[in-house]
Structure formats: structure tokens, C-alpha cells
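Line by line, the protein sequences give chains A and B.
Using the numbering used here, the first residue of the first sequence is number 1, and each one after it goes up by one.
Using the numbering used here, the first residue of the second sequence is number 1, and each one after it goes up by one.
Hints should not be assumed to be uniformly reliable.
Below, simulated DSS-like cross-link-like pairs (lysine-lysine); rule was C-alpha separation at most 27 Å, straight line [to be verified]:
no.	chain 1	residue 1	chain 2	residue 2
1	A	K198	B	K167
2	A	K12	A	K200
3	B	K33	B	K167
4	B	K93	A	K194
5	B	K33	B	K93
6	B	K167	A	K200
7	A	K12	A	K194
8	A	K12	B	K167
9	B	K167	A	K194
10	A	K4	A	K198
The set of hints was computed from the structure by calculation and includes no laboratory data.
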Amino acid sequence: MTTKTIRAEYLKGLWDENPVLRQLLGLCPTLAVTGTVITGLAMGLATTFVLILSSLVVSSIKKLIPAQVRIATYIVVIASFVTIADQFLKAFFYPISEALGPYVPLIVVNCIILGRQEAFSSRNSIGRSLIDALGMSTGFLLALLVLSSIREILGAGTFLGYQVMGPWFKPWIIMILPAGAFITLGILLGIALKIESKTKRS
Amino acid sequence: MELVAIFISAVLVQNFVLYYFLGICPFLGVSKKIDSALSMGLAVTFVMSITAVVSWLINNLILIPYDLGYLQIVSFILVIASLVQLVEMFIRKISPPLYQALGIYLPLITTNCAIMGLALIAALNGYSFVETVIFGFGSGIGFTLAIVLMAGIREQLDLSDVPEPLKGAGIALIVAGIMALAFNGFIGMLT
Chain A
1 MTTKTIRAEY LKGLWDENPV LRQLLGLCPT LAVTGTVITG LAMGLATTFV LILSSLVVSS
61 IKKLIPAQVR IATYIVVIAS FVTIADQFLK AFFYPISEAL GPYVPLIVVN CIILGRQEAF
121 SSRNSIGRSL IDALGMSTGF LLALLVLSSI REILGAGTFL GYQVMGPWFK PWIIMILPAG
181 AFITLGILLG IALKIESKTK RS
Chain B
1 MELVAIFISA VLVQNFVLYY FLGICPFLGV SKKIDSALSM GLAVTFVMSI TAVVSWLINN
61 LILIPYDLGY LQIVSFILVI ASLVQLVEMF IRKISPPLYQ ALGIYLPLIT TNCAIMGLAL
121 IAALNGYSFV ETVIFGFGSG IGFTLAIVLM AGIREQLDLS DVPEPLKGAG IALIVAGIMA
181 LAFNGFIGML T
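With the rest of the complex left out, here is chain A (with noise of 0.2 Å):
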């Protein structure tokens, strides 16, 4: 395994191992949450927490895992803390939670998660794990707010919640449905694609 500076372990999740844009992980929540930018934050929010901490705790205990029962270990791991984002956010933001609705829940089966604690934290020190798991959480986040600040401004014409486009503007009701959400999220990972190509021939 080749050891990176804890720099380039950080922002390999932004870019060049964005969870959404380049792994195609994560994609449902990415698309259920981010018809208003406020959603999509408190989404990324939670599932930077679930990470962190979940790749905290299968980063220390690794050595306990058998092989064979690893995963369902993940699981109940990654449930664990998924239970207490749930309540936390039931208890103070139920509005959000409210507008979130099973997506909370869902965070225990984001790929991202799970993939993680499988390619990285069983096998890497907590400190590392850590750095990784921080900076697929930012890519996460990064992915959601871009996506869900086009929807918001062209489906609505405003940005968590304050109007940004004048009265001339008539929203497009076609962001806001889930027809939206599919098409945008396909035209963004066709840019960065095409991003991708071009710095790499330069």
C-alpha cells in the first residue's frame, strides 16, 4: 500500500475519489434530498457524522472483526450511530426531519459508508482513517450543495429559502420533480468527466 501524505489523503475525496462524482456512490440519497439546498445539507451533515465516527470505531476495534462476520459488524455499527443522528435531529431540527423523512434511516445503507469501512478503515491506522473519512464527507457535501443549489435557484428561484432571482424569473417546476434531480445530477457527471479528460491530456 502506498502511504500518502495526509494532505493528498484528504483531497483525494474531493476530487480525484469524489464519492458521487467519480464513484457513483451514494447516488440515491444525493438525488432524494437535494431539492432545496437546506436538505441537502442537513443530509451531508449526518452522513459526515455517521463516517466519522463510524470509521473511527471499525478503525480501532479491526483487529477484533473475524473475517467472516466484518460486514454485518459494519452494519450495526453504522445503524448505531445512524439511530442516534435520527433522534438527535427528531429532537432539535424537526422540521428537517420532517422534510427528510426515510432518508435519515437510509444513511445505514449509503455505500459510501459501508465502502469505506471495507476499503479503508479495516485496514488502516485510526489517524488515516480519519483523514479519509473527512474527506469523502466533504466530497459528499460538496456533491449535494452543488446539486441542490441548481435545483433550488432554477426550481424555485431561491437560496435556502431567500429569493436570488428577480420577479422576472419563472421557475422551472421540472428541477424541483424527480425528473430533475436525474437529469442534473447526469449533466454534472458528464462534466466532470469531460474535466477529468481535459487535465489529464494537459
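Guided by the hints, dock chain B onto chain A, whose structure is given.
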């Protein structure tokens, strides 16, 4: 009548893939050929129907009476993981070719958010036992319908001239968007 409405809604209107955005990974991953898409759809339908039954029993016979609602996430995911394991062993014994065809995606049904989503949404909607069974089966059929249609379109897409950066997932998502728009038209059926 109520049951028919739940079934139609699960298949067409609130389609798991195109309305709830659940099960996107297999939807994009296994939709290159119609027959593998069909077997994936059937595997998901099978697992969904069983999950609906088991999760309803757990929720209504254990979690609610003993006030253990906070254990919902952990218990649902464990039940689903063991169910998928069981189905996997079953298919490997009964039909090795099908097992080969499903490949990596069968164990991945565990982390298929559609299955977990089904258990959660059924619990959230407070469906009765029969309603839950219909909902689970209908959702599976809806998933199958979406993934098979997608595979059909993608087989055609292979022959067309797609811009280089959009090849693969990009164009698949755009096609899914257009499909979601078409399915949107079914909303009128229930109102």
C-alpha cells in the same frame, strides 16, 4: 379498492426508482441487458415481498408493543442482511445459472436502499398486514418494470452516438430523468 390503489401506486405512481430514488445502484449497474435486468428485478421483488412480511411482524409484534422504536433501524437492517443471505444460498442451490447471472448484485441487495426503504416507508405509512404485503409486492414489480424498461432503452443506446463524457452513467441518468417525467403522468390515475 384501497388495496388496488396501493398496488397501482407502488408500481406506477410512487415508483421506488423514479419517485423515491431508491435502488439506484442496481438500476444503473444491472440495466445493460434485458435478461439480467429481469432476473435482478425478480430477485428484488422476491426479497421485497419477504422483507415486507418480516419487517411488519417485527415492527408490530416486538418493537411497538415493547416501545423499542429506537431499535427500528438496527433490527430492520439485520433482518434484511440475514434474509438476503438466505435467498442467496437458496438461489445458489436451486438455480446456479441464475446465481451466475446475478453475480455481485445479489449480496449487494443488502445495501440496496430499496429494501430498507420499503421496510421504513411501510412502517411510516402505518399499513396493515395485508396492505404491507401488497405494497411490498407492488414495489418489487415497479422496480422490475423500471429496470427492464431502462435495459431496453440502453440496448438501443449502445447503437447511438452519445457524447463521450456522457457515456455510461451520465446518459443513463438523463434517460432515467425522462422516464421519471413520463411516469409522472400516472399521478392522474389516482386522483
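Here is what the structure says about each hint:
1. A:K198 / B:K167: This hinted pair holds, its Cα atoms lying about 16 Å apart.
2. A:K12 / A:K200: Holds, at about 15 Å.
3. B:K33 / B:K167: Judged against 27 Å, a Cα distance of about 16 Å means the pair holds.
4. B:K93 / A:K194: 45 Å, violated
5. B:K33 / B:K93: Satisfied, since the Cα-Cα distance of roughly 24 Å is no more than 27 Å.
6. B:K167 / A:K200: 18 Å, holds
7. A:K12 / A:K194: 18 Å, holds
8. A:K12 / B:K167: 24 Å, holds
9. B:K167 / A:K194: 11 Å, holds
10. A:K4 / A:K198: Measuring from Cα to Cα gives roughly 25 Å; hence the hint holds.
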